[in-house]
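Peer 1: Chain by chain, the residues:
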Amino acid sequence: MEGSYLPSGRSAGLPGRPTESTNLADILERVLDKGIVIAGDIQINLLDIELLTIKLRLLIASVDRAREMGINWWETDPSLQSAEGDNGDREELEKENRELRERLERLEQRVGLEQGREEPSRAG
Amino acid sequence: MLDELDRWAARRAPELLARAEAEAVEDLKRALLKAALRREAQARREPVRPAAAERPAAAEARPGPPLHEPAAASAGDGLWAYCITRASDPPRIDGVHGSTVERVESDGLAVLVGRVPLSEFGEDGLRRNLNDLDWLERVARDHEAVLERALAGGTIVPLRICTIFTDEEGAAAMLTERRSALDTALDVLDGREEWGVKLTVDRAALEAAARDRAPDDLDQQLEGQSAGGAYMLRRRQERQLREAADRLAGGLAEDVHARLQDWATDAVVNSPQNPELSGHEGDMLLNAAYLVEAAKVERLHELVEELRERHSELGARIELTGPWPPYNFVPRTESALA
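Chains as they are written, first to last, in this note's numbering: chain A, 17 to 140; chain B, 3 to 340.
There may be inaccurate statements among the hints.
[Claimed, not checked] So, partial list: chain B residues that the calculated Cβ filter (under 10 Å) puts toward chain A:
id, residue
1, Leu120
2, Arg143
3, His145
4, Leu149
5, Gln275
Derived by calculation from the structure, the hints in this document are not laboratory data. Ideal placement from N, C-alpha and C gives every residue a C-beta, glycine not left out.
My request is simple: use the sequences and hints to build the entire structure.
Peer 2: Here is the structure:
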């Protein structure tokens, strides 16, 4: 095996040295999501683990991915809902988006009217 | 008969709505993620486990009074399984932080295990701990470190974290039960290495490249336009620029992946990583793993270098990491093992 490209200090050859500097995202996406799955003696429902680690999965993958997996804890998680500013952020965003959309529509309408000025008036 | 305005409106409305919606979803996504991360950070700051800092790493945890559990919850030790190797491979590897990695052998196979307290790694403990990012990071890094050591000694089949047996008999029984599937997995992985490739690019660089390549005839088109017409033209051009940048990104990822995939034994494309965790800058266009013949690894480095040069104009960054334990190239479900 020629030179290791894991930015882990593995080649430093310090016995027992863990891979402190390897990108955590690289490790988590592998150990959480990959590797052979075998049911051990400790009966952990793998589905449970999927659900329990969803918050961590969010750190790895995207919200879209979580949605694809049918997970939407944030929509019902009271502590997140009540977390400082979250609701405000969301409402603010929705409001801003609504306003922008309305503004866009008004602008498009005006432009459309301007362009359509030479057209015959609406037949009704 | 529909007049021009109605047709125009009908044509444009779905697109406008879709775009506004996409923008809203993007914003919402960012806000939610920020909230989730903030909670994670808050949870980590909470001094619920005063002894956490001095606590030894998970893989070296020894039997003894659990640090944050009522003593009654203690139920002895379990065996955390790291990976499977052939029994003929080097018999000993160093553990993490001086801990011991033991081998349980059966039927020509061996599973590497470490002792863990069930108070922390039992069902209840895991349920709680898996949601603690600090805990998970420690365990994940320890798991990875042991696998890397084992990998240096021979072919391994990585196990997903949290595979825990009550004793040696349980681990040995698993080896016997899954013998043929594990043999197959080991055979597939013999003499091959997993390498990771991530492609990132800055959106601004892509859009600049798209602008350079687009015909610059806006001024010509703007001539004689009303203010409204000019506005629409500009908007259309912005949209076309975004689309052209998207196409460049897609082509870039496709080219890099196609070249490597053609050449590798096997390939797996994963979701782009979250920048909050990985710390990468720009857009991650490709996050893939390739299974490569060990003899061809040198060529892999050359190939990546060629791709870097070929796409340097677009500001593409290609990161190559490995060799990794072959997490991405083993069967992932119980049924695949049956």
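Peer 1: Which hints, by number, does the structure contradict?
Peer 2: Going through the list in order, the structure violates no hint and respects every one.
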